[in-house]
Every structure is written in structure tokens, then in C-alpha cells.
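**Q** Chain by chain, the residues run as shown.
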Amino acid sequence: MQELDPGVMLAVLLEMMGIWFWLLGLLAVIGLVSFGWLLVRERALVASRLVRAQAFALLAGAGALVLMAHVTKSGFTDAGGPVDWLLIVAIFAGGWIGGTILIYALMGWWPHIPGHERLAALFARPPPGSLKRSSRLPSGRAGS
Amino acid sequence: MSYSRRALQKVRLPTQTGLARREFLQLGAAGLAGAGLLSACSPRPDRVQTSAHIVIAGAGAAGLTAASRLAQRLDGARITIIDPRVRHLYQPGFTLIAAGLQPARYAVSNTGSYLPRDVNWIEAGVAEFDPEANAVVTSTGQRVEYDYLFAAVGIDLDYDAIEGMDTSLIGQNGLGSVYHSPEAAAATWRELDRFAETGGDALFLRPATEMKCAGAPLKYTFIVDDILRRRGTRGRSELTYAAHNNVLFSVPIVSEKVRMLYQDREVDTLYSHVLKSIDPGARRAVFDTPGGEVERPYDFINVIPPMRAATALRNSPLAWTSGPYAFDGWAEVDRHTLRHARFPNVFVVGDAAGVPKGKTAASVKWQVPVAIDHLAAELAGTQSGSRYDGYTSCPLITRLGRAMLVEFDYQDNLTPSFPGVIAPLEELWISWVMKTIALKPTYVSMLRGEA
Ligand SMILES: Cc1cc2nc3c(=O)[nH]c(=O)nc-3n(C[C@H](O)[C@H](O)[C@H](O)COP(=O)(O)OP(=O)(O)OC[C@H]3O[C@@H](n4cnc5c(N)ncnc54)[C@H](O)[C@@H]3O)c2cc1C
Numbered sequence: 001m002q003e004l005d006p007g008v009m010l011a012v013l014l015e016m017m018g019i020w021f022w023l024l025g026l027l028a029v030i031g032l033v034s035f036g037w038l039l040v041r042e043r044a045l046v047a048s049r050l051v052r053a054q055a056f057a058l059l060a061g062a063g064a065l066v067l068m069a070h071v072t073k074s075g076f077t078d079a080g081g082p083v084d085w086l087l088i089v090a091i092f093a094g095g096w097i098g099g100t101i102l103i104y105a106l107m108g109w110w111p112h113i114p115g116h117e118r119l120a121a122l123f124a125r126p127p128p129g130s131l132k133r134s135s136r137l138p139s140g141r142a143g144s
Numbered sequence: 001m002s003y004s005r006r007a008l009q010k011v012r013l014p015t016q017t018g019l020a021r022r023e024f025l026q027l028g029a030a031g032l033a034g035a036g037l038l039s040a041c042s043p044r045p046d047r048v049q050t051s052a053h054i055v056i057a058g059a060g061a062a063g064l065t066a067a068s069r070l071a072q073r074l075d076g077a078r079i080t081i082i083d084p085r086v087r088h089l090y091q092p093g094f095t096l097i098a099a100g101l102q103p104a105r106y107a108v109s110n111t112g113s114y115l116p117r118d119v120n121w122i123e124a125g126v127a128e129f130d131p132e133a134n135a136v137v138t139s140t141g142q143r144v145e146y147d148y149l150f151a152a153v154g155i156d157l158d159y160d161a162i163e164g165m166d167t168s169l170i171g172q173n174g175l176g177s178v179y180h181s182p183e184a185a186a187a188t189w190r191e192l193d194r195f196a197e198t199g200g201d202a203l204f205l206r207p208a209t210e211m212k213c214a215g216a217p218l219k220y221t222f223i224v225d226d227i228l229r230r231r232g233t234r235g236r237s238e239l240t241y242a243a244h245n246n247v248l249f250s251v252p253i254v255s256e257k258v259r260m261l262y263q264d265r266e267v268d269t270l271y272s273h274v275l276k277s278i279d280p281g282a283r284r285a286v287f288d289t290p291g292g293e294v295e296r297p298y299d300f301i302n303v304i305p306p307m308r309a310a311t312a313l314r315n316s317p318l319a320w321t322s323g324p325y326a327f328d329g330w331a332e333v334d335r336h337t338l339r340h341a342r343f344p345n346v347f348v349v350g351d352a353a354g355v356p357k358g359k360t361a362a363s364v365k366w367q368v369p370v371a372i373d374h375l376a377a378e379l380a381g382t383q384s385g386s387r388y389d390g391y392t393s394c395p396l397i398t399r400l401g402r403a404m405l406v407e408f409d410y411q412d413n414l415t416p417s418f419p420g421v422i423a424p425l426e427e428l429w430i431s432w433v434m435k436t437i438a439l440k441p442t443y444v445s446m447l448r449g450e451a
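Chains as they are written, first to last, in our numbering: chain L, 1 to 144; chain U, 1 to 451.
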């Protein structure tokens, strides 16, 4: 029996994920650094923000499961034993924890991002196509 | 003797420690285990200075792995690889192609893309092995002399041994054959896809020779059963698995488990049935049995032909001259070192080796480093204690979405990598995950000498 060699793990993960290995790695680094920096800056975890981040991150957990189901052409309904449930929990937890860190950091840094108001407005305003349609409705928000 | 003992053999390096049972931590890595990811944790050994000329015959899984590892391990060696095949085939992918989960191109890549820069590739076949003269002669008449030879020419599929078989008919009239090629696997899927709409009699079998990945015929039976169930035509169908001897798998505990699962899935089992001839037009197969010939009609069949060592090796002095491996020409090597019994400067790795187990890509992963360790030790004037003990890992798919991670050794012992975490005889999603996403990257990393 052999132990797991980190070098082998890395080679296989690189082969498995291709460019996604670096993109996700970069995202993880950005998330962790900005989260850590935020903690240092604020000297505390903001409870209300954390709860909201955790709530939104449930979607990231679910997304991780959907992604796994997609790439393995199977799904958690195929779970056949305890280790499968542990794997499912691990995948969900990975997505959820990662999502929480990213969303928490994003929410914390949001007011400091240059142009964040314009960005927020962009999201708040309906897209041009829907503007046209909604303008025909008497209660449309076209004038807003 | 039993021919169905397949193996993912495992190296015992003298420096290695026992299995670390950090079980929970292992969980995340477990998905990669059966793909042969476990590796010796010891640091890379020093490079050995040499001016030896090493010839590798065959650039399949074993030949390419050997090329990469030799290039890493030896400094100054001249390495030549000989193989006419430009496309590299990831054969474990054939099963997924024939299940309709991957296209044919999933299993195809370029041989050249895995070759280290300094390795010289002769694009020809070896026509003759002449180990007495330390030389091989290629199909183009070139004589190549060597100091050391790695023979990794793999297996010949002997379709001609089945009377009436015509490989050009694969994919027509219910005739499937997953082993032939990626294209044949895709054609088999198209035929299965059509058959599954109506249901009918499906026939599965294995040859009475040694074969690569003896789990593959069993897997495909499970897959077809599952697909018919999903299409709602299982009730109208009869599935029959014809074993060549009196077991379903050579490892008794695995054979018994498969028997139980086949009973559960209502797959009929026939024993001591060896496919003799086939009439693809009339869809009838004839089996040799102890009681004489038996004819069976089918609507869908997965033909797996007899397998022999590649012709050039079979007809060479490298083949066994007596015993169970002589008839099909497997190479006479020491089962623990892969060194030839009569020509000590020859190693035979991969499917062509005449050892009881070890005709899987995962076996290659464990065989090649052992053989190279022995060669490097000889070049350095030392001794190697590396051993290949017959560890085998076979992700045995039992339905789409589940597999059993069966691992065993020369002695038919189960050797689970994750005892208490991944039960070897349990149908699990994690083992399926491994087969579908971890096996190919591990295989490719192996070819590059990185895993
Ligand atoms: C359907 C199927 C499913 C499988 N499933 C699995 C699985 O799930 N897990 C697993 O681990 N393994 C599996 N395998 C087995 C695995 O693919 C083989 O064991 C592995 O490829 C063996 O490597 P090899 O180098 O010995 O032979 P190959 O990879 O077949 O390579 C042999 C090479 O030798 C060359 N050659 C032949 N004759 C000559 C000559 N005279 N001169 C020069 N070159 C020559 C050929 O062109 C070829 O490139 C499966 C195989 C099949 C067919």
C-alpha cells in the first residue's frame, strides 16, 4: 500500500480540470485574501452579513452538486452507501463554505469597489428589451 | 486454470511505509484511489548516468509510461520507441463509449503528444524480436540493436478464431463488440440504443484465453440491464452471460458477489460456454460446452474475441515455451520483477507479460516503475528490492451511476485502498465518480510519468 503523493494528486487534478484548475484556484485565492483582509480591516465578523452570505451560499452548495452530477453523468440519487452520503455532504459543504467566503468578501468590499453604484444600478434596472415590453403596460417601470 | 484473473498490480518499494489510515481526510482523495493514484511517497530516486541504448517495442499504455519514466530516471541514455500506431487509444474509455456516455473521440489522442522530447520514435512495427543478438527488426527491415529492451506490444484480438465473425458488421443486426476500437464501441452503442427500444434476447460472454480487463464483459452486462430498465423494456428481455469456465470472475469472493448481483438483476448465467462461431445474418451464436455445441439465438450480442500476445512477440523466443502461458505466446517473465526469465536485459510490461494477473492499465502503473527500478539499479551497480505483487483494481460498473471498486492481488486477496471507507464489494457512487472522472486523467498522467 502506498500513501497519497501530493505531486501525483496535483498532476491528476491538472489533467482532470484543465484551465478550470487555475480559474477556480485563482477564485479561491482572491476569495480568501479579500476575506482575510476584510477581517483584519473590520477586526470582526459582521454577523448579519455572514448570515446573509451563508444563506446565498446554499445556492453555491447546490450548484456544486449539480456540477458534479453533470460531469459524472450521474447524481446523488445514485448514492449507495454511507461514503457516498459523506461525499455528497463534502461536495455541498465545499460549495457552501467557498460560496460563503466569496459572498461575504464581496458584500464587505462592495461599497469600496469603484463604480459600485453604477454597477448596482445596472443590476437594478431592467434590461432594455424588457423595458420596451414593460413600457406597454400601464404600470410599467419605463419612466422610473 | 482460470483465465479471468486481471490485475492492477501494486509495487512494494523497500522504502515505502504502510497505508496511512487517515480515513476521513482520505475521503476527498478516495475518488482518485481506484484510478491507481496511490503512489510511493518516497522522494524521487537519483538519476542514473548511462550511455545505454534502450529500445521500447510498443507505444501503448505500458510503452509510453516506460518511455516517460526512463527519460526521467536515466541521464544520458538513448531511448528509442517503436510502434506504427499514430493514434493512442484510451481503452478503458471504450466501455463508457459503448454505454452512450462518451463519443468515440473520448478514447483517441496522439501517441506523439506523450513522448518525451529526447525519445526517438520509429513509426514501424517490430517484425522480429532477436534477443540472442540483442536486436529487433522492424516491418520496414530496419535492424535496431539495444542494450536493454522493454517489450510492451500488448494484445492481439483474434476475431478470426470465431467462425463467421466479421468485424465490418459490428453495429449491424444486433452485433456489438466493445473491445475492437473506439469506433466499434460507438457502433455497439448505436445498436444497443436501437435494441433497447424493443428489448429481446441479449447475449454476453468472454473468451477462454487471458484477456485485458476481465471485468469489462461483466460491466457491460450490468450496463445493458440498466439501460433496458430505464427504457422500460427489461421485462420483455432475457439477458444471458456465458462464462468460459465455472466462475464469473477469477477472484472467488468477487465471483460470488457478481453471481448474487446477476441473480438480483435476473441475468441468466451459463458456465463453461465458449463462443465458437457466429452467424451475424441469422443472429445465432454457437458455443462449445462440455456437453457439445450449443446454439443460441440473440437480438443483441457483445462479442469478445480470444486474446493472444501480439504476433511478433508470440512468435519470438521471448514467449513462454511451456505451461499455461505458452499457447497464446505471453512473455516469460518473473512475476515480481517483469524481467525476462531467459534474457535478463529484457523486461516485458503491460498486457504482453505472461503473469497471472495484470492485464489492465492500472497494472501498468505499478509494473513499469518496478521494472525500471530494477534496470536503474543494474545500471548503477546496485540491487533493487521493488516488487510487483499482483495488486489489481477494477471499477466494476453495476449500473449507470454505481460501481464496485474491486482491488485484489496475485493471491486473490482483496486489498482495499480505503478499508472502512470504500467497501470493495459495495455498489457505490464514489466508485462510479472515480471511473468517470478520475481514471482518464490518472491514465494520461501515468503516460507522462507524473502518476
Ligand atoms: C474494453 C476495455 C476496457 C478496459 N477497461 C479497463 C479499466 O477499466 N481499467 C484498466 O486499468 N484497464 C482497462 N483496460 C485494459 C487496458 O486498456 C490495457 O490493459 C492497457 O492498455 C495495456 O497497455 P499495453 O501497453 O500493454 O497495451 P496497449 O495499450 O494495447 O498498447 C500496445 C501497443 O503495442 C503496439 N504494438 C503491437 N504490436 C506491435 C509490434 N509488433 N511492434 C510495435 N508495436 C506494436 C500497438 O500498436 C499498441 O500501441 C480495458 C481494455 C479494454 C479493451
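FYI, nobody ran anything at the bench for these hints, they're computed from the structure. Idealized CB from N, CA, C, for every residue including glycine. Don't take each hint at face value.
[As the list claims (entries may be wrong)] Computed far set for chain U versus chain L, every beta-carbon distance over 12 Å:
| hint | residue |
| --- | --- |
| 1 | Gly76 |
| 2 | Gln102 |
| 3 | Asp334 |
| 4 | Ser431 |
| 5 | Lys435 |
| 6 | Gly449 |
[Claimed, not checked] The list that follows gives simulated cross-link-like pairs (lysine to aspartate or glutamate, EDC-like), each with its CA atoms no further than 20 Å apart:
| hint | chain 1 | residue 1 | chain 2 | residue 2 |
| --- | --- | --- | --- | --- |
| 7 | U | Lys276 | U | Asp193 |
| 8 | L | Lys73 | U | Asp328 |
| 9 | U | Lys276 | U | Glu132 |
| 10 | L | Lys73 | U | Asp226 |
| 11 | U | Lys276 | U | Asp299 |
| 12 | U | Lys276 | U | Asp334 |
[To be verified] Reference listing, derived: stretches of chain U covered by chain L, where coverage requires no fewer than 3 residues with Cβ under 8 Å from a Cβ of chain L:
| hint | segment |
| --- | --- |
| 13 | 146-158 |
| 14 | 192-199 |
**Q** Now tell me, hint by hint, if it's right for this structure.
**A** Hints, verified against the model:
1. Gly76: holds (25 Å)
2. Gln102: violated (9 Å)
3. Asp334: holds (22 Å)
4. Ser431: violated (9 Å)
5. Lys435: violated (9 Å)
6. Gly449: The assertion about glycine 449 of chain U is violated, with a minimum of 9 Å to chain L.
7. U:Lys276 to U:Asp193: With Cα atoms ~26 Å apart, lysine 276 of chain U and aspartate 193 of chain U exceed 20 Å; violated.
8. L:Lys73 to U:Asp328: violated (39 Å)
9. U:Lys276 to U:Glu132: It is violated: about 38 Å lies between the C-alpha atoms, which goes past 20 Å.
10. L:Lys73 to U:Asp226: Satisfied, since the Cα-Cα distance of roughly 14 Å is no more than 20 Å.
11. U:Lys276 to U:Asp299: holds (18 Å)
12. U:Lys276 to U:Asp334: violated (33 Å)
13. 146-158: violated (count 0)
14. 192-199: violated (count 0)
The structure is inconsistent with the numbered hints 2, 4, 5, 6, 7, 8, 9, 12, 13, 14, although it conforms to all the rest.
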